[in-house]
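Enquirer: Read off the chains here:
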Amino acid sequence: MDIVPLRLVTLVAERLLRGRLVEAVLDLGATGYTLTEVHGKGTRGVKHNAIDGPSVKLEVIVPLEVAERIVEHVAETYFQHYSVIVYVQEVKVVRPAKYGSGRDA
Amino acid sequence: MDIVPLRLVTLVAERLLRGRLVEAVLDLGATGYTLTEVHGKGTRGVKHNAIDGPSVKLEVIVPLEVAERIVEHVAETYFQHYSVIVYVQEVKVVRPAKYGSGRDA
Amino acid sequence: MDIVPLRLVTLVAERLLRGRLVEAVLDLGATGYTLTEVHGKGTRGVKHNAIDGPSVKLEVIVPLEVAERIVEHVAETYFQHYSVIVYVQEVKVVRPAKYGSGRDA
Amino acid sequence: MGSLDILAANLLSPIVLAFALGILARLVKSDLEFPDGLYQALAIYLLLAIGLKGGVALSVTPVAAFLGPALATLALGVVTPLTSYAVLRRPLGFDRVNAAALSAHYGSVSAVTFIAALQVAELTGRTAEGYMPALVALLEVPAIIVALMLAYMRGVAGKAAEADEPRAGSWQAALHEVLSGRSVVLLLGGLVIGLLAGEEGFAKVEPFFVGGFQGALVLFLLEMGLVTARRLGDLRTVGVRLIGFGIVAPIVHGLLGVWLGGVAGLSPSGAAVLGAMVASASYIAAPAAVRIALPEASPTLYLTAALAITFPFNLTLGIPLFFAAADWLA
Amino acid sequence: MGSLDILAANLLSPIVLAFALGILARLVKSDLEFPDGLYQALAIYLLLAIGLKGGVALSVTPVAAFLGPALATLALGVVTPLTSYAVLRRPLGFDRVNAAALSAHYGSVSAVTFIAALQVAELTGRTAEGYMPALVALLEVPAIIVALMLAYMRGVAGKAAEADEPRAGSWQAALHEVLSGRSVVLLLGGLVIGLLAGEEGFAKVEPFFVGGFQGALVLFLLEMGLVTARRLGDLRTVGVRLIGFGIVAPIVHGLLGVWLGGVAGLSPSGAAVLGAMVASASYIAAPAAVRIALPEASPTLYLTAALAITFPFNLTLGIPLFFAAADWLA
Amino acid sequence: MGSLDILAANLLSPIVLAFALGILARLVKSDLEFPDGLYQALAIYLLLAIGLKGGVALSVTPVAAFLGPALATLALGVVTPLTSYAVLRRPLGFDRVNAAALSAHYGSVSAVTFIAALQVAELTGRTAEGYMPALVALLEVPAIIVALMLAYMRGVAGKAAEADEPRAGSWQAALHEVLSGRSVVLLLGGLVIGLLAGEEGFAKVEPFFVGGFQGALVLFLLEMGLVTARRLGDLRTVGVRLIGFGIVAPIVHGLLGVWLGGVAGLSPSGAAVLGAMVASASYIAAPAAVRIALPEASPTLYLTAALAITFPFNLTLGIPLFFAAADWLA
Ligand SMILES: Nc1ncnc2c1ncn2[C@@H]1O[C@H](COP(=O)(O)O)[C@@H](O)[C@H]1O
Ligand SMILES: Nc1ncnc2c1ncn2[C@@H]1O[C@H](COP(=O)(O)O)[C@@H](O)[C@H]1O
Ligand SMILES: Nc1ncnc2c1ncn2[C@@H]1O[C@H](COP(=O)(O)O)[C@@H](O)[C@H]1O
Ligand code: NA
Ligand code: NA
Ligand code: NA
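Chains as they are written, first to last, in our numbering: chain A, 1 to 105; chain B, 1 to 105; chain C, 1 to 105; chain D, 1 to 330; chain E, 1 to 330; chain F, 1 to 330.
One or more hints might be untrue.
Below, a list of computed lysine to aspartate or glutamate pairs in the EDC-like style, where the Cα atoms sit at most 16 Å apart [to be verified]:
| id | chain 1 | residue 1 | chain 2 | residue 2 |
| --- | --- | --- | --- | --- |
| 1 | C | 41 | B | 27 |
| 2 | B | 41 | B | 52 |
| 3 | D | 204 | F | 206 |
| 4 | C | 41 | C | 52 |
| 5 | B | 92 | C | 72 |
| 6 | B | 92 | C | 52 |
| 7 | A | 41 | A | 52 |
| 8 | A | 92 | B | 90 |
Just so you know, these hints were derived from the structure itself, not from any lab.
All figures in this text were calculated on a predicted structure; none of them were measured in a lab.
Chain A extracted, bound-state conformation:
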């Protein structure tokens, strides 16, 4: 079984951004996504409490260039005013085409 490297991009953001971030990653080339409700604390004054509802973790498996586009978009659009972090890891998958990738992505 061939296992091919792609990127796992993880965003953790205040709930309000959920809809926008989901739309953004799909627009930028992700073929799917996985959402988890989380609670967190970061460097921003905004704490996430019952009023806002839990924060959201958005994970997408994408080819490298899509990963870069997502990181760039999030950094530009949301870093200044919103509570959001983004990080990237390498993952191995079996069906790279499913994630919008050629074999050697």
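Dock chains B, C, D, E and F with the ligands against the given chain A, drawing on the hints supplied.
Expert: Then chains B, C, D, E and F with the ligands, alone, in the frame of chain A:
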């Protein structure tokens, strides 16, 4: 403190498969697992909504050969008809034996 | 956009430890954390059921030396008697300073 | 109360309006959303409450009075998947697997449609038989088994052989899934508890399970509206054949149920409620079983048909129609 | 019942005590914690219940009787953000963005404060007008729009130009957020359902939405106490200016509301409840809209002011004060 | 009502049947499952409701009437962990840490067993004293403290020294955990709120906290059945010693409680309920405290004993036994 590399295998699947996947990973050699409720969208028509309940993310830390067995099993058994993805990452742990591994797994 | 490597330390523990672990990682140098409710099974007799409430997954992005301190602290304080695992991965982030890191951490 | 009055009263009932509000909220892209746990909690509550009430009623029903309606219900549970399948295969041209999957849904029953019909019975002032929930339990399972047998048996009655892929699903696993599924466990479990506890034992829990029932249903239908709205987009992809089936099947099955219910000795109200049950398509028990037994079947087809076509049709027009038919037949 | 009796009865009511228990639990570092879903579920229930009750009341209210109070409410929704803004900018020296953000919150309304005021009305034995919830829906939105306009327009009425950073937020997105936000959808949706279903249709769901209401509110306020306590630490950082505003603004706005309510034809109880509404600061609809339209504004400022200052003030002292004022004016 | 009638009525009550349904559902591998939040929500509701009712009752109870039962309860809270410990150590041969851990559980109280006993009192038509919930709060904490002291002190009364590993847990942390734990906060908080609000203040929230109580309990016991069934497999590993202790201890403690309750002036019904409380083993407050203070103790032992042995025993046979004993003693 010695930190030893193992594999983190992550499965994201429709809820219906939860029981089967948990049994399968334990059968194939995992010594434990972590389950998270998630919501997601992929390339399948099946959308995960309130009727089905949330999807499930199953994470297992295992030696390389167990990871390969799990990926193969899932690919063969579920890829064709079910909504499921699987990906593999490298992780460092402190007590490799706990995860069914020799030192140099 | 410069992407800098840091460590993602993940702890999965019985719910009772939540408060302690959060305090500990902040004390040891983490600048934030993300908590997820999970269910799991490991090698301990303690199963996580409705009585205890769900288990907790705690993720922190930190520089390498903080990651090592956290792993050491958890191993020393909790491995013997409590249900907890810890693993470490490499991640790439955009704003290393946000996580308490110099450029070349 | 005339038929049009019933229709109006139904359309203006809080549960139908709450369903409409849910659809509307999604259409205007509201951030209104039910937490996962709330939906599950309401479903557990409603199914257990239906079972309990049915069990208590059964505890004061002579067996003889129950026998006729029970047999009629079982017969309908066997017949409707067969008629569905026949129509879906030949005139409508669905392949065997998808035809069987749809038949399982349309032969089984939707608990919420059942409850909505009960409310209408109360609106009209003529309450249906108290043991109706026991009939729901009887109607739920057989159709699923019959439909899956259709898919598993090669060359069903007089049908042309078709290239038959090997079965991906498992018949035993599916049977277990149906019989131990939460909707059967809660309904049947509630029935037995109600039967054993009787009216006296039930009195203490009545404020919770009866008093709160209709309000909880309003919340549930609000969420059903949100869920249904998400499927409306799929209406375009499933094709006009399925939309037609999703409206005509409930009419035909429902009228059959009304008629047979009357023959079996149910009051007009009871017959109308039975009609609504038969007309309804399951979206809890059937999807889970079908996903396991027939994974090749398209969930988009059966979920869209059951949730986005037949459920709203019954909720708004179907139920009043069955009451009118029951009155006409009486 | 004298004013001091009302104060005492209010402070010893289960909802105020539950709020205090929540604060105390957090202060002693209890592990007491509401699951995420429970808070959301209670909020959905309470908002829908308020709407339904208001709608049913409206269905039996002559339009003429409702018109005066409705206009008064709309006027207050336009005026109070303006007065808030003026005071926050000049004497208190907040920058334009934060002043506008705070004005949106103080011009809009907190549903829980409203309900608490209704309870006090019942304590005093003089129930407020049944259609008050409809006024809540009217008061919720306009203030947010007015306040955001203040921020978006350059050089608001007679204000010195200041270095104006480019807007990070989007006006249209914020408007959509307010109008399709869950609190507006549930309140307005409930109103319409109540209006259409009327008293008869509502009777069935009354045990759930009316009987359970006050108890559910106790749970909700327990959780509000837990949430508020987490914000108490921020009181030190927001400064004495904001604390002063968070107490004086509700007094002034509240008295204005009481007076105008009386002029518009509300009963003393109704006028007092309107006063409490006007005095309250929104913490559901406003924060979401402001976060989108004015992301540069500090959530610590507006959430701490609304939740940790003004809400507890109104809940304990403000509401009895408005009842005293209404009696005095009557 | 004779003792056997009580036994039968208890076994056929909805809550006992719901518990059985939960166990059965797990045994047939049903996918029935409560969302996490629902369990927590029900626990919060039930504990707060118990507290509130007890507080309201206390507000109309003369201190003198309450004093005797209160002192008896405290005495039982100190004595039963000591007797448990002695038996677990010497005849049964458990090591000190596990003996202390089990003693904490058996000395403290299970709120659900308490409620089940209250229901039986109502079944028999002789309601127990209204302030019983206040006794639950008194019984919950002392036993845990006593048991932990046993573990922490070296060479407890006349016991052979044993190789004493260094303590892994923290005494202070455990004490904080008990006193600020959610079950104490909700019970005590509810008591104080009920006491301050009194009957009049409580009337408004009564439909929610009293009317819905028994039904909510049915749901809770269904979930308890699911949870208990998961522990049944551990019965094989914990050994026959513990199974015996889990049945004999509640009988002995329960009868002691019934007797002392009668002596202290409780009605027979009240004495029987006190017996059930004393017989019960805690599985909310005690496990959390023990996990912190005595992490070396085996959770499998104490959770299995409390949940899979003693709880089902009391729920089915123990409670009717204590009522029979109370009648016999009266
Ligand atoms: N160092 C960190 N490690 C893990 N998660 C973090 C970290 N910093 C921030 N987060 C998560 O990202 C969210 C937004 O962070 P911030 O923008 O710093 O408020 C927080 O609520 C956390 O859930
Ligand atoms: N590209 C992706 N990135 C992250 N998660 C995905 C992706 N594709 C699919 N998933 C997750 O895997 C589940 C099953 O995917 P699918 O089989 O494509 O429907 C989805 O519901 C998502 O939660
Ligand atoms: N091999 C594993 N893979 C993934 N998660 C694990 C594994 N082992 C343990 N866990 C998680 O860590 C928790 C504590 O493990 P333990 O201390 O072995 O009981 C479990 O409840 C699981 O959620
Ligand atoms: Na049907
Ligand atoms: Na206001
Ligand atoms: Na005890």
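Enquirer: Taking the earlier hints as the rules, which of them does this structure contradict?
Expert: 6
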